[in-house]
Structure formats: structure tokens, C-alpha cells
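Following the hints, put chains X, G, S, H and R in place on chain C, whose structure we already have.
6 protein chains.
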Amino acid sequence: MSTVRLISDEEAETIPAVREVFDDIRKTRKSDFVNNFWRGLANDPVRLKAIWQQLKEVMVAEGSLDPLTKEMLYIAVSTANGCSYCVHSHAAAARAKGMTDQQYGELLAVIGLAAQTNHLANAMQIPVDPEFDLGRQDR
Amino acid sequence: MSTVRLISDEEAETIPAVREVFDDIRKTRKSDFVNNFWRGLANDPVRLKAIWQQLKEVMVAEGSLDPLTKEMLYIAVSTANGCSYCVHSHAAAARAKGMTDQQYGELLAVIGLAAQTNHLANAMQIPVDPEFDLGRQDR
Amino acid sequence: MSTVRLISDEEAETIPAVREVFDDIRKTRKSDFVNNFWRGLANDPVRLKAIWQQLKEVMVAEGSLDPLTKEMLYIAVSTANGCSYCVHSHAAAARAKGMTDQQYGELLAVIGLAAQTNHLANAMQIPVDPEFDLGRQDR
Amino acid sequence: MSTVRLISDEEAETIPAVREVFDDIRKTRKSDFVNNFWRGLANDPVRLKAIWQQLKEVMVAEGSLDPLTKEMLYIAVSTANGCSYCVHSHAAAARAKGMTDQQYGELLAVIGLAAQTNHLANAMQIPVDPEFDLGRQDR
Amino acid sequence: MSTVRLISDEEAETIPAVREVFDDIRKTRKSDFVNNFWRGLANDPVRLKAIWQQLKEVMVAEGSLDPLTKEMLYIAVSTANGCSYCVHSHAAAARAKGMTDQQYGELLAVIGLAAQTNHLANAMQIPVDPEFDLGRQDR
Amino acid sequence: MSTVRLISDEEAETIPAVREVFDDIRKTRKSDFVNNFWRGLANDPVRLKAIWQQLKEVMVAEGSLDPLTKEMLYIAVSTANGCSYCVHSHAAAARAKGMTDQQYGELLAVIGLAAQTNHLANAMQIPVDPEFDLGRQDR
Numbered sequence: 001m002s003t004v005r006l007i008s009d010e011e012a013e014t015i016p017a018v019r020e021v022f023d024d025i026r027k028t029r030k031s032d033f034v035n036n037f038w039r040g041l042a043n044d045p046v047r048l049k050a051i052w053q054q055l056k057e058v059m060v061a062e063g064s065l066d067p068l069t070k071e072m073l074y075i076a077v078s079t080a081n082g083c084s085y086c087v088h089s090h091a092a093a094a095r096a097k098g099m100t101d102q103q104y105g106e107l108l109a110v111i112g113l114a115a116q117t118n119h120l121a122n123a124m125q126i127p128v129d130p131e132f133d134l135g136r137q138d139r
Numbered sequence: 001m002s003t004v005r006l007i008s009d010e011e012a013e014t015i016p017a018v019r020e021v022f023d024d025i026r027k028t029r030k031s032d033f034v035n036n037f038w039r040g041l042a043n044d045p046v047r048l049k050a051i052w053q054q055l056k057e058v059m060v061a062e063g064s065l066d067p068l069t070k071e072m073l074y075i076a077v078s079t080a081n082g083c084s085y086c087v088h089s090h091a092a093a094a095r096a097k098g099m100t101d102q103q104y105g106e107l108l109a110v111i112g113l114a115a116q117t118n119h120l121a122n123a124m125q126i127p128v129d130p131e132f133d134l135g136r137q138d139r
Numbered sequence: 001m002s003t004v005r006l007i008s009d010e011e012a013e014t015i016p017a018v019r020e021v022f023d024d025i026r027k028t029r030k031s032d033f034v035n036n037f038w039r040g041l042a043n044d045p046v047r048l049k050a051i052w053q054q055l056k057e058v059m060v061a062e063g064s065l066d067p068l069t070k071e072m073l074y075i076a077v078s079t080a081n082g083c084s085y086c087v088h089s090h091a092a093a094a095r096a097k098g099m100t101d102q103q104y105g106e107l108l109a110v111i112g113l114a115a116q117t118n119h120l121a122n123a124m125q126i127p128v129d130p131e132f133d134l135g136r137q138d139r
Numbered sequence: 001m002s003t004v005r006l007i008s009d010e011e012a013e014t015i016p017a018v019r020e021v022f023d024d025i026r027k028t029r030k031s032d033f034v035n036n037f038w039r040g041l042a043n044d045p046v047r048l049k050a051i052w053q054q055l056k057e058v059m060v061a062e063g064s065l066d067p068l069t070k071e072m073l074y075i076a077v078s079t080a081n082g083c084s085y086c087v088h089s090h091a092a093a094a095r096a097k098g099m100t101d102q103q104y105g106e107l108l109a110v111i112g113l114a115a116q117t118n119h120l121a122n123a124m125q126i127p128v129d130p131e132f133d134l135g136r137q138d139r
Numbered sequence: 001m002s003t004v005r006l007i008s009d010e011e012a013e014t015i016p017a018v019r020e021v022f023d024d025i026r027k028t029r030k031s032d033f034v035n036n037f038w039r040g041l042a043n044d045p046v047r048l049k050a051i052w053q054q055l056k057e058v059m060v061a062e063g064s065l066d067p068l069t070k071e072m073l074y075i076a077v078s079t080a081n082g083c084s085y086c087v088h089s090h091a092a093a094a095r096a097k098g099m100t101d102q103q104y105g106e107l108l109a110v111i112g113l114a115a116q117t118n119h120l121a122n123a124m125q126i127p128v129d130p131e132f133d134l135g136r137q138d139r
Numbered sequence: 001m002s003t004v005r006l007i008s009d010e011e012a013e014t015i016p017a018v019r020e021v022f023d024d025i026r027k028t029r030k031s032d033f034v035n036n037f038w039r040g041l042a043n044d045p046v047r048l049k050a051i052w053q054q055l056k057e058v059m060v061a062e063g064s065l066d067p068l069t070k071e072m073l074y075i076a077v078s079t080a081n082g083c084s085y086c087v088h089s090h091a092a093a094a095r096a097k098g099m100t101d102q103q104y105g106e107l108l109a110v111i112g113l114a115a116q117t118n119h120l121a122n123a124m125q126i127p128v129d130p131e132f133d134l135g136r137q138d139r
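If you read the protein sequences in the order shown, they are chains C, X, G, S, H and R.
Position one of the first sequence corresponds to residue 1 (our numbering), numbered consecutively onward.
Position one of the second sequence corresponds to residue 1 (our numbering), numbered consecutively onward.
Position one of the third sequence corresponds to residue 1 (our numbering), numbered consecutively onward.
Position one of the fourth sequence corresponds to residue 1 (our numbering), numbered consecutively onward.
Position one of the fifth sequence corresponds to residue 1 (our numbering), numbered consecutively onward.
Position one of the sixth sequence corresponds to residue 1 (our numbering), numbered consecutively onward.
Wrong hints could be hidden among the right ones.
Because identical chains share one entry, a pair is satisfied inside a single copy or across any pair of copies.
[Stated by the list, open to error] Capping the alpha-carbon separation at 30 Å, the derived lysine-lysine pairs in DSBU-like fashion look like this:
#, residue 1, residue 2
1, LYS27, LYS49
2, LYS30, LYS56
3, LYS97, LYS49
None of these hints come from the bench; they were simulated from the model.
Next comes chain C alone, as it looks inside the complex (with noise of 0.2 Å):
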């Protein structure tokens, strides 16, 4: 059940602007596949177009962080913001990137612990030490 219809291969080919993302993502990713998200994302083409050039200039450009840590870090925000949608695609992309067992259960590791101190931090309010200014005009 969802708030869109997805739009399937056969009503893409009949609006230019979503052919050409479906186009697109197929060639950058390598692969037939199309997933849901950008099916529901296909009803405003602009829309489409927008998410998806950020997610490559993002994700898939060349930069310092590696795939893998990305699509990690990208896992670690999804499931404090309870995406269930993204948690699994993005967990399925970190495996497709070679993400191992133990990293999955190291990933798991940090996300429960910072969960944990984050609610200990907000319950105890505690006062961010002067030391930890990054901000500061001196650096």
C-alpha cells in the first residue's frame, strides 16, 4: 500500500522525462532493475530528475570516502529516522558492494550504542564541553 501509484516500464516509455531517469539508472547502475522509490518518485518527473542527480553527485561520484562507508553511513540514518523502505534497499546495496558479515554486525554494533548514548545525553542534558568547539574563528 502507498500514497503513489508506481509507475511501471510501460506507462515510462510514454513520458520522456522518467524514460530518460529509468535510462540513466539503469546505465549507472549496471542493471535492469528499477526500484520502487523511484517508480513512486516518477509521478513529478522534475521531481525525479532532481533526486536523482544529487543521489549520483552524491553516491556514486568518485570523492574520499569509499561506496561501501557511504552506503553504510547511509543505513546508519535511515534506521535512526525509521525508514523501513531505505534500511532494506540500502542494506541490500552495501552487501551488493561487498559489505561482510562482520562488518554488518560492527555497523549494527555503533548504530545501538550511539542510540544508546544519545538518549543518555539528551536525558542527562548534558553541557557540551568547550573543548569540543570545532566552530571556534582561532582554528
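Only chains X, G, S, H and R this time, still in chain C's reference frame:
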């Protein structure tokens, strides 16, 4: 302002269970600095020790994820959970472990993108593609 | 699967305090449909009435925000809070009140952008500009 | 810094609907202190009264949960929702109602553990065991 | 659908570290039922044991909060964190520990009220009253 | 205190990619004021430009939702996500776009009610009524 008193070094000297953990924090981190989070937790020495032990096992022990990656994952979870203290303390920890400006910029980019698609997937209530089922028994 | 039984119309007939609210829901909405949220709340007739009263005062009564705007605000909060039920029910309500595809697309765009900048501001712990202080006494 | 002005006692004297609620807060709590939350809400006297009424019904009226347990539940929700103001005000209220250091320590321990397993269950997307279905009709 | 396989009793028999924890869960709870959360965690036997130990220390050990209060606190945190699995499992646990319909109704009322005032205080960015500072050194 | 330095106008003058965005912010808003969010983002000029572009497309461009409605939606999401900075900056923006006291009061009422029913629906784990399925293919 906080909901607990922060235990000073003077007071810690009078509570052996607290002094022991503070000493171990200093020895493990090779620094004299004990940050406020532990001074708040020290109101409950049993809990202080348990959380510190768990942090050592997850964040300090050798594993398959390197220390900087774990700090960046911690920042990601803490940001999504809105823990101001934790964002500050783990950003400082990541910097101390060598995080470059470029890495930090990419970390922020992944966090921002993930938050956006988390909300879009939740707003559209996108059903999970069966291709993403990592838990099926025949894997 | 739920943590409470859903009270059917048959059962509601036997509990005057519940029947009265169900009748008012039908009369107010000019529809025979009573959705599951109210059937769950009906396990506690006092709470059922209090929440329904509050919803009528906030969402049904005339005011300065039009009904569709209020439904879109409801969707925005429900998305950020990860309430699957509420996202579905208020998306349906917004559609029933005339939300167009274009309006829904723009609503999703604002939600996604806000989530992204919320996380970026929280990650950088940006200090609030004094220019934004709306609460100062001399305004 | 806030997004609304805080209504002082002087100003409240000039708005009968506000003065009435402030008087009832003082009488109910047997204290002259009216905290900032109500002074902010007082910008909208109708809403001020509605929220105060609801709070009296839920938190002050006699019921099956004792007042201290309700304050601790309030702290738990407020912590998970990241409401700094609410964490402070309800920690103070719980202390005023007799919460001991040991009880507070155990409250923090439960909050921290729950946050950790919440995130682990969400990260693994564990399917709910059918044994946990409390809503089934034959119960 | 999940992101990890659920370890069956048959498979647990072949992994001593997992079998040991499953046995202790059964013995501690005086029940043959091992719920899915532990079967998911069992993919990482070290983590499985650590989380189970922590749960026993916090939730099972005698303390100043009774077991039912702790389950209700767990439900409160899990609800605010949007953990569907945890809400189901701890609602069942609270029922098993004797939670009445009236207690459950009051728990829901507190959770709902807290969520509402959490959001109102965050929306108005109410400054914390100095009277609420529990951490000041002269207490 | 922040985790990044805030880029001053003086420093911006020395980084063409930052100066260009700051200039466009000033021109678009017809105001000399550049708020801290952009000064923090300016540490990563590429990201600064991308976020500003997205904000212009979503919030400034003409569409079917009026500018004030979009600011109120922004406040709603930011409140639920606990972003103090964003709540302040978008409350100021909404006021600048003409939000009245009455509209603001109603906005707060919707946010508070939504948060309450979000938590109640999540606590009861209410199953979505099939009537709410907007994504079915035959619509």
C-alpha cells in the same frame, strides 16, 4: 543546565568505582581530559562502568571497520537523533582521528541526502521491493 | 497486527459512549466510514471522546487556515514522525479535500528539502542568528 | 531565544482568559510558579486552556498509574523526541514527586537500553512474531 | 522481510555461543519461546550475548522500579522512536506482567500528551526556566 | 558553538564560488542579510551551491502552493525533526511573509494534534484501512 550534577575529579576521588573508570578513560585515550558525558553518568557508577565497557568493545577494540569510519557512523546516528552533545563530541573525535574537510563535507552530503530520501520514502509509503529481502532462508 | 482490538460497529452498539462518538464522526464527515484509528481508541471511551473533540476543534472548525492546508501540515508532521498509518489516512483526506498532483508534488518537495536542511543544520550545530529572535519583549 | 513572546504576569492580568488559567495552574500546583511553557502558550488563550485541561485530566486526575510513574513516562517520551525543555521540566517534576537517585538511574538505564534495541530492531527490520498480536479478535 | 536471516533452533544447536544464550533466555523467562529479535541478533553471537546481558541487568534484575513500570517505559520510548517490533513485543510483555486495560489507557494518554507538548515546546523554542536546573553544584 | 567555522563576508570575498552564492542569496531575497546556515555550508562551496539551488527551486519558484504555506510546512517538519535552528529561521521567514498570530496559533495546534495522534497510532500499531490505498493501479 543539566538534569544531573557533573561529578568533578575531586568528588570522583572519593568514589572508587568512579575513579577507576575515569582512570581507565584517561589511560585508554592517552589524555587527561574526561568529558562531561562521563561526569554525568558517574552519578550511577554501575551504569558508568557498563556504558564505558560497551564503548570500549565497540569503538576502541580492533575490528573490520576503522576507527574513523566508526566515528562518522556515530555522527550520522547522532545527527538523525538530534543529540547536540553527541554531534559535538563525535565531530571532535572524528577530527582527532584525522577526518579531513573533504571527508566531512561528503559525510554531511550523505546525511543530508539520506534524510531527504528517508522522508520521501516515508511520505510515499513505498513498498519494499522483494529483491531487497536479505533475510530469506535460501540465501 | 495491532496492540489493541479494533471495536466493531456491533460492539460499539453495546457501549453508549463509543456509539455516540462513532455517530458524531459519521455525521461530521457525512460518511458511513469509521476508520481503524477510532476503532482502536474506542477501547478507552473517555480518551476516544477527548481526542475526537480535539480533532474537531483543530481540523474541522473554521479558522484562518483552510482545511487542505491543515491536512498537508498533518502529512508533513506524520512523515517526520514516521507514522505510517497517519501518512496514509491524511494523504487520503487531503486528496478528498481536492489536493492536486501538483500540490502533492510540491508538498513532497518541501518535506524532502526541510528534512535535508534540518539534518545539515543539526550536523553543523549552526548557532541561531540573533535576527531570528521573535520572542524578544520589544517586538 | 524563542519564536513567541512569553506572557508576563502583568500582561496576563489584562487578558481574563489567560489570568484564569494561570490562576488555576497556581491553585492546582499549590505554588506561585508558572513556568515558561504556559507563558508561551498564552499567546493563544484558547489553546492554552485546552492543553492545560488535557494535562489536568491526564497527569493530575486520580487513576491507576501513580503520579511519579506518569512523570517518568513523560521523561521517557520527551527524551526520545529530543525536547530539551520537556526533559528539564519533567525531571524537575519527578524529583518534586519524590524520584530517588536510584529510580532516576534505573529510568535512564531503561531509556538507554530501549533506544539501543529500538535501533537494532529497526536496522534488522525484524518481523513481528505472531505470538505478540494483542489485537486479534478472539482474545 | 528482514535484512538478516533469523537463526532457527536447529541452526542454533550448531553454534555453541548462540545455543547458550537461547538456553538462558528460556531459563530466565521460564518459557520455550525465543522471539525473532534474538534470532536476528544471533547472526553476531558476541553482540547477542552482550545485548542479552544488558537486558537482564536492566529489565530482570531487582531494583527500585517494578517490572511492569519498566515495560511501560520501554513502550513509551519505543513508540516515540517508531519501532514497530518493540512496541508489539513490549506491549505483550507488559500484558504478561499484568498491565490492565485501565493502565494501558493511561499509558497511551501520557504518551499522546507528552508528544503533543514536546512538539509545542519545540515549535515555540521555549527557554528552560532556571528553576528547573537540577545539575547545579549547590544542590 | 558549532562543528564548522562560519564563513564571514571577508572570507567569502576570497572564494569566488562562495561569493557568487552569497550574492545570489542577497539578490534573491532583496536583503543584505546572509544567515549562519549558509555561512556554515560555505565550508563546502559545491554543497553550498547545490543546496541553495534546490532551495530556490522548491521555495522561491512559483508553483501551486503559496510561499507562506510552504514556510509553515517547513516549520512543521523542522519541529518534528527537532531542528532548533530551522524552527527559528523558518518562523522568522513565515512572519516576514505575513503569517498572522491566528495562523501561527492554528499551525501550532495542528502540529501538536498530529504529534499526539502519530504517537497514539504508533503505540496501538493501527493497521491501515484498505480504503486509504491511494497507490492502487486502478485509480
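Open item on the list: Let me make sure I understand: some of the numbered hints might not hold for this structure. Which ones are they, in numerical order?
Closed with: none
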